[in-house]
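There are 2 protein chains.
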Amino acid sequence: MSTDDTTTDTTDASTDTTDASTESKCGASSADTAEASAEASTDTESKCGASTTDEESSSSKCGASSSSSSSSSGCGAKADDEEEEEVGATVDDFDADPGRLIAVGLGPGQPEGMTTRAKSTLAEAEHIVGYTTYVDLLPDEITESADDIYDTPMCGEVSRTEEAIDRALAGNDVAIIGSGDPNVYALAGLALEILESKGGTASMVDFEVVPGVPAAQSCAARVGAPLVNDTVSISLSDHLTDMPTIESRLHAAAKEGFTITIYNPWSRKRRDNFQKCCEILAEHRDPETPVGVVHGAGREDEQAEIVELQELADLGETDLIDMTTTIIVGNEDTYVWDDRMVTPRGYETKYDY
Amino acid sequence: MSTDDTTTDTTDASTDTTDASTESKCGASSADTAEASAEASTDTESKCGASTTDEESSSSKCGASSSSSSSSSGCGAKADDEEEEEVGATVDDFDADPGRLIAVGLGPGQPEGMTTRAKSTLAEAEHIVGYTTYVDLLPDEITESADDIYDTPMCGEVSRTEEAIDRALAGNDVAIIGSGDPNVYALAGLALEILESKGGTASMVDFEVVPGVPAAQSCAARVGAPLVNDTVSISLSDHLTDMPTIESRLHAAAKEGFTITIYNPWSRKRRDNFQKCCEILAEHRDPETPVGVVHGAGREDEQAEIVELQELADLGETDLIDMTTTIIVGNEDTYVWDDRMVTPRGYETKYDY
Numbered sequence: 094m095s096t097d098d099t100t101t102d103t104t105d106a107s108t109d110t111t112d113a114s115t116e117s118k119c120g121a122s123s124a125d126t127a128e129a130s131a132e133a134s135t136d137t138e139s140k141c142g143a144s145t146t147d148e149e150s151s152s153s154k155c156g157a158s159s160s161s162s163s164s165s166s167g168c169g170a171k172a173d174d175e176e177e178e179e180v181g182a183t184v185d186d187f188d189a190d191p192g193r194l195i196a197v198g199l200g201p202g203q204p205e206g207m208t209t210r211a212k213s214t215l216a217e218a219e220h221i222v223g224y225t226t227y228v229d230l231l232p233d234e235i236t237e238s239a240d241d242i243y244d245t246p247m248c249g250e251v252s253r254t255e256e257a258i259d260r261a262l263a264g265n266d267v268a269i270i271g272s273g274d275p276n277v278y279a280l281a282g283l284a285l286e287i288l289e290s291k292g293g294t295a296s297m298v299d300f301e302v303v304p305g306v307p308a309a310q311s312c313a314a315r316v317g318a319p320l321v322n323d324t325v326s327i328s329l330s331d332h333l334t335d336m337p338t339i340e341s342r343l344h345a346a347a348k349e350g351f352t353i354t355i356y357n358p359w360s361r362k363r364r365d366n367f368q369k370c371c372e373i374l375a376e377h378r379d380p381e382t383p384v385g386v387v388h389g390a391g392r393e394d395e396q397a398e399i400v401e402l403q404e405l406a407d408l409g410e411t412d413l414i415d416m417t418t419t420i421i422v423g424n425e426d427t428y429v430w431d432d433r434m435v436t437p438r439g440y441e442t443k444y445d446y
Numbered sequence: 094m095s096t097d098d099t100t101t102d103t104t105d106a107s108t109d110t111t112d113a114s115t116e117s118k119c120g121a122s123s124a125d126t127a128e129a130s131a132e133a134s135t136d137t138e139s140k141c142g143a144s145t146t147d148e149e150s151s152s153s154k155c156g157a158s159s160s161s162s163s164s165s166s167g168c169g170a171k172a173d174d175e176e177e178e179e180v181g182a183t184v185d186d187f188d189a190d191p192g193r194l195i196a197v198g199l200g201p202g203q204p205e206g207m208t209t210r211a212k213s214t215l216a217e218a219e220h221i222v223g224y225t226t227y228v229d230l231l232p233d234e235i236t237e238s239a240d241d242i243y244d245t246p247m248c249g250e251v252s253r254t255e256e257a258i259d260r261a262l263a264g265n266d267v268a269i270i271g272s273g274d275p276n277v278y279a280l281a282g283l284a285l286e287i288l289e290s291k292g293g294t295a296s297m298v299d300f301e302v303v304p305g306v307p308a309a310q311s312c313a314a315r316v317g318a319p320l321v322n323d324t325v326s327i328s329l330s331d332h333l334t335d336m337p338t339i340e341s342r343l344h345a346a347a348k349e350g351f352t353i354t355i356y357n358p359w360s361r362k363r364r365d366n367f368q369k370c371c372e373i374l375a376e377h378r379d380p381e382t383p384v385g386v387v388h389g390a391g392r393e394d395e396q397a398e399i400v401e402l403q404e405l406a407d408l409g410e411t412d413l414i415d416m417t418t419t420i421i422v423g424n425e426d427t428y429v430w431d432d433r434m435v436t437p438r439g440y441e442t443k444y445d446y
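Each protein sequence line maps, in turn, to chains A and X. In case it helps, our numbering puts the first sequence at residues 94 to 446. In case it helps, our numbering puts the second sequence at residues 94 to 446.
The hints are simulated quantities; they were obtained by calculation from the structure and are not laboratory data. Each hint can be trusted.
Every beta carbon over 10 Å from chain X, so not counted as near; a handful from chain A, in silico:
1. 233
2. 246
3. 264
4. 412
Within a straight-line C-alpha distance of at most 16 Å, the following computed EDC-like cross-link-like pairs (lysine to aspartate or glutamate) qualify:
5. X:443 / A:331
6. A:369 / A:331
7. A:443 / X:335
8. A:369 / A:340
9. X:348 / A:340
10. A:362 / A:335
11. A:443 / X:331
12. X:369 / X:404
13. X:443 / A:335
14. A:348 / X:340
15. A:348 / A:426
Just so it is clear, CB atoms sit at the ideal spot from N, CA and C, and this is done for glycine as well.
Please model the entire structure based on the sequences and the hints provided.
Following this line, the structure appears as structure tokens:
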């Protein structure tokens, strides 16, 4: 899942998780005021140096649950009897030699979609930070071998990413996880941006990205071979990219014969974007153009359908299309055969078979 | 690696592998004449029903080496004492109940980049079919557990894919492998096309695609976080897509602020395409735009550099850019920080950090 999804629901989540936030505040401080000054937590269970920068939820303590699998584990500081780390914004606030920070892509969801490298990276990580849904997908042997797991349910990825960075700066080896690939609408870039804003460097924490199978490829596999030629990924979320830009990109991609993977097609706040997208596609592509719609790829509620472009708009109001859905729009040559989408690569023009 | 790479060098390979082809002809028959009639091999070591449809190498027996790890294994027919399968073009030529055909993406190269699902699929496959370079990358436990491995060095992927299909139609459980993902300029579509041309169906062989980490994501990870926003993949090979189409797509992608991953940037036959691509990018992007150049991602000779767009054209003549190179072109917002490429997702416009 992309980061946009979690972003969209930050506000809802922050009201939902009041209870959880009292359980563990994880040293959270709200840094959305000008003073990002260190506000040390007195919570003895978890000292993370976490600060919440999510301006949309100033009251949010993220509902973070620090489900420590090791009784001696605190975060930020390695043990409770060490001097408390100052929480806060800059690299100067941390005394320890920095640990490592690795952004790990889990792929489609279930553990069998993870690479061996992702698994071994997580097995070696002292702390694992991620959205609760993804943490829940990790195999037990991984969660049990970690000193600490920091997961937030439907809470801002900015604060979660900062939490991961603070833990690394405090001397821990930290893996920050997400489904798909860290480079696909995900946290690799945000981690580097926040690290820079704290006066740190990527080298300081041996920053690395462990790639995973992106949703586009997981979903394409599910419906056959729809993406074997030149292709585009576009997110319909206008939270971080304005809608005119998104529309212009949709026009260009549809006009130029790219297959198109649509991320974040739908949310309660983005009904119009989806309808607009369908209209733009219809301007350039045949109404019968095959479209693969995959909901919850690699999850228990996975559902895949191949429809025609002209049917897509109406699906917006069904359960098939939500934040976990990825949509693959065929190009002019894409056809459906035996319940599979096939986009020819062009071999038939050169070979007899 | 994409399929285009191997295609490009088919002609060279077919002359290089004369020796290898005498070792095992694998029942190969040239089907580039109108009569694709079954020409059964009398080679007792390997009876595959393979037919070569590569029109560019009519004399090619593909240099196929059928490195059987099981002495009882033939292909097509399960054992040497069974009646010889008719080789040939259509599904009617096979008596056996069809086996399975699975297209498996290996990811970046080394085994640690493979998913658990890819590994278990290969461990269960009776036959593994692929380009020699990829077969060589498989862990020993996988190659040793297969009944038969069919690999072709730098030989046409069309004939190799047909070989895989014939083996499945003949009753074997077959995995056809490639690096990256089967949906990214790769064999998933070709397999379905050839299957259809033989009068088969995807359901008949329980056709499945096991996704892998594409080169775009492997290479992006190697240089940081260059692809975290809307993005495009374009192949510079004009073997299967004409150059005016490629040029038009490059213009559109560069104009619309997509990051761009360039596959197949260079070959002995495609020097001009690369130069043209550099010119088009220069029309729309700043000369200082960061460009990540990753050679042999995940291989022993891996080499990654971040350069400026204005330096890219000259790199065409260096060892850094060849068929195994993937190029990632940043968008207007991409910057280099601490030896990493970062394409902001847009969080900085919404959050303070």
